[in-house]
Amino acid sequence: MRNLHLNFGGVNALFDVSLNIQEGEIYAIIGPNGAGKTSLLNSISGLYHPQKGEIYFNGKNISRLSSYKRAQLGIARTFQNIELFKGMTTLDNLMLGAHTHIRSGALLGGIYFGPAEKEEIRQRKFIEDIIDFLEIEPIRHEVVGTLSYGFQKRVEIGRALALRPKVILMDEPMAGMNIEEKEDIARFIIDINEEWGMTVVLIEHDMGVVMDISNAVCVLDFGKKIGEGSPEEIRDNPRVIQAYLGEEAVI
Amino acid sequence: MNKLPAGLFNISYREDRQIFHTKFIRFWMVILLILIITGPFFLNGYLLSLADLTGIAIIGALGLNILTGMAGQISLGHGAFIGVGAYASALLTSRLGISFWLALPMAGFVAAAVGLFFGIPSLRIKGLYLAIATLASQVIIIFTIVHWRSLTNGTSGILVPSPNIGSFEFDTDRSFYYIIFGVLVLATLYARNLFRTRVGRAFIAIRDNDIAAEILGVNLFRYKLLAFFISSFYAGIAGSLWAHYITIITPEHFTMVVSINYLAMIIIGGLGSVLGSIYGAIFITLLPEFLRVIAGSLNGIFPDIGNALGALREIIFGLTVILFLIYEPNGLYHRWQMIKAYWKLWPFNY
Ligand SMILES: Nc1ncnc2c1ncn2[C@@H]1O[C@H](COP(=O)(O)OP(=O)(O)O)[C@@H](O)[C@H]1O
Ligand SMILES: [Mg+2]
Numbered sequence: 009m010r011n012l013h014l015n016f017g018g019v020n021a022l023f024d025v026s027l028n029i030q031e032g033e034i035y036a037i038i039g040p041n042g043a044g045k046t047s048l049l050n051s052i053s054g055l056y057h058p059q060k061g062e063i064y065f066n067g068k069n070i071s072r073l074s075s076y077k078r079a080q081l082g083i084a085r086t087f088q089n090i091e092l093f094k095g096m097t098t099l100d101n102l103m104l105g106a107h108t109h110i111r112s113g114a115l116l117g118g119i120y121f122g123p124a125e126k127e128e129i130r131q132r133k134f135i136e137d138i139i140d141f142l143e144i145e146p147i148r149h150e151v152v153g154t155l156s157y158g159f160q161k162r163v164e165i166g167r168a169l170a171l172r173p174k175v176i177l178m179d180e181p182m183a184g185m186n187i188e189e190k191e192d193i194a195r196f197i198i199d200i201n202e203e204w205g206m207t208v209v210l211i212e213h214d215m216g217v218v219m220d221i222s223n224a225v226c227v228l229d230f231g232k233k234i235g236e237g238s239p240e241e242i243r244d245n246p247r248v249i250q251a252y253l254g255e256e257a258v259i
Numbered sequence: 014m015n016k017l018p019a020g021l022f023n024i025s026y027r028e029d030r031q032i033f034h035t036k037f038i039r040f041w042m043v044i045l046l047i048l049i050i051t052g053p054f055f056l057n058g059y060l061l062s063l064a065d066l067t068g069i070a071i072i073g074a075l076g077l078n079i080l081t082g083m084a085g086q087i088s089l090g091h092g093a094f095i096g097v098g099a100y101a102s103a104l105l106t107s108r109l110g111i112s113f114w115l116a117l118p119m120a121g122f123v124a125a126a127v128g129l130f131f132g133i134p135s136l137r138i139k140g141l142y143l144a145i146a147t148l149a150s151q152v153i154i155i156f157t158i159v160h161w162r163s164l165t166n167g168t169s170g171i172l173v174p175s176p177n178i179g180s181f182e183f184d185t186d187r188s189f190y191y192i193i194f195g196v197l198v199l200a201t202l203y204a205r206n207l208f209r210t211r212v213g214r215a216f217i218a219i220r221d222n223d224i225a226a227e228i229l230g231v232n233l234f235r236y237k238l239l240a241f242f243i244s245s246f247y248a249g250i251a252g253s254l255w256a257h258y259i260t261i262i263t264p265e266h267f268t269m270v271v272s273i274n275y276l277a278m279i280i281i282g283g284l285g286s287v288l289g290s291i292y293g294a295i296f297i298t299l300l301p302e303f304l305r306v307i308a309g310s311l312n313g314i315f316p317d318i319g320n321a322l323g324a325l326r327e328i329i330f331g332l333t334v335i336l337f338l339i340y341e342p343n344g345l346y347h348r349w350q351m352i353k354a355y356w357k358l359w360p361f362n363y
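Line by line, the protein sequences are chains Z and W.
Residue 9 is where the first sequence starts when you use the numbering used here, and the numbers rise one by one after that.
Residue 14 is where the second sequence starts when you use the numbering used here, and the numbers rise one by one after that.
The set of hints was computed from the structure by calculation and includes no laboratory data.
Heads up, a few of these hints could be off.
[As the list claims (entries may be wrong)] Simulated crosslink set (DSS-like; lysine-lysine; CA at most 27 Å straight-line): (1) 77/Z / 126/Z; (2) 77/Z / 36/W; (3) 174/Z / 77/Z; (4) 36/W / 133/Z; (5) 126/Z / 36/W; (6) 190/Z / 60/Z.
[Claimed, not checked] Simulated restraints, written as ranges between beta carbons of each label pair: (7) 74/Z / 43/W: 43 to 51 Å; (8) 195/Z / 269/W: 36 to 44 Å; (9) 188/Z / 234/W: 49 to 57 Å; (10) 202/Z / 48/W: 55 to 63 Å; (11) 149/W / 113/Z: 51 to 59 Å; (12) 109/W / 57/Z: 28 to 36 Å; (13) 338/W / 219/Z: 29 to 37 Å; (14) 74/Z / 109/W: 40 to 48 Å; (15) 111/Z / 43/W: 29 to 37 Å; (16) 269/W / 74/Z: 49 to 57 Å; (17) 177/W / 74/Z: 45 to 53 Å.
All residues carry an ideal CB built from backbone N, CA and C; glycine is no exception.
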């Protein structure tokens, strides 16, 4: 990602941000509220279009692609404020996640018996693996709008996994959770990275978690990148301490 | 929520995906099918004509429910799309001498193409604004039909031939019934299958959260237009059936009021539900008849009240719809689910 500039009527959400995310790593983005972290993810997934700068994915310039095409290339994400399909069941949410892996269109789907059914069942097996992995078996057939916050967060992760992405962008997946729930999610993230082989880009406020699980950290402040490196480097970086960690240290 | 009765477990994904889960339900489906097939032998002419009108309305309502209930794209032009199908079929058969059996799907495609065109604004606008844009399509289409006299004969309408196979004419309520219900069964199965596969899921996803749908790889452009296409295809089929059933069509059959009636059907029946479309279409088609019968019978006892009721029919109709919206906003289908859930647990429903 090179020299991204994004502004909203005078507000610089991102100013000249360049990052380099390596395949296979857990890359954390930290920074105070309003620093531009969500805007950065939105730019990567194509919801925002930066006025300047380019985004490369596997060497390919994707800056002008619409977001559904970026999904087809293998970029999935979860949202800070859960964005599920509230009227659908957990299963259907996950099956929709596999949308790009199913071929049958309006004709075969409407006939159903034959290819469409086979395909649905094949996907279902894969979806059930995700359901097992995230431990959401009991809510398989529940409408997600009725689920608890914690379950909804998990379903959203599951839906992103169903896309079988190369990289998964997670916007504060642990926000508002207690320590136990955070540990669960942290374990999922490590497994997603190690077992499922996906690159993870993670926005997280809890420095403890970030230090524990990430390979690389980037710090944003007022839309500018003020530090990037290994968790240890970030911890010892004076600018970062001053801008971000400093606040807590003073308290 | 679809909960299975206790003691019944689906042990394969295939079973879990079935529409009719229990033997009990499958038994009743067979009974229903037998009733549908043998119905014409029990029903008198008046009831048969109601059954035919209801059948056509269900096909139209299924179409609108795919667009509005599933994909969340509100349309106030459904009546006009039905009109396009009716006129297409009428012209294909009466002017070009094409057989009804070919004209029926062709009418579907003509209406679908027109619906696709008028669906283009949905890529930019949503909700109320889209409703207004589709209202424009209603006005434009009817204006065209009324004023393109050389083609449509304007307000005088066109005569439409009855379908036939060899020398057998489908020109009675009874014979036409079988055409309508044959198509209806196919239309219902297609809609039901669409619901449980990829395209239907994408429609519902767009309705619930279009941004999330796009982030997961759903091409909004394509799927919104596809929803308009499929929905207007249903409208075209309903229109063709209507034209060949009524055998004379005029622009008045496809006004705004028709579009609104279809919206009322899917709202009252249940948005985004196949069964809901069926309940709603039955309800809205039969309600005026029901009111008419009541007015008629009261007429014998209190002549004046009967007359007044007759005049008030439209108002009572509107009032019923409004009361429904207030007290049963999730539709008849939802109420039915609640009743089923209640009995499933009875008598342990504390
Ligand atoms: N859609 C938008 N319209 C206007 N301003 C926005 C929009 N999205 C983000 N911003 C602004 O950009 C800045 C960064 O926001 P955001 O990326 O959400 O920060 P973070 O996720 O780090 O808390 C904020 O000042 C916010 O007000
Ligand atoms: Mg944010």
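Hint check against the structure, violated hint numbers in rising order: Failing hints, ascending: 2, 6, 8, 9, 11, 12, 13 and 16.
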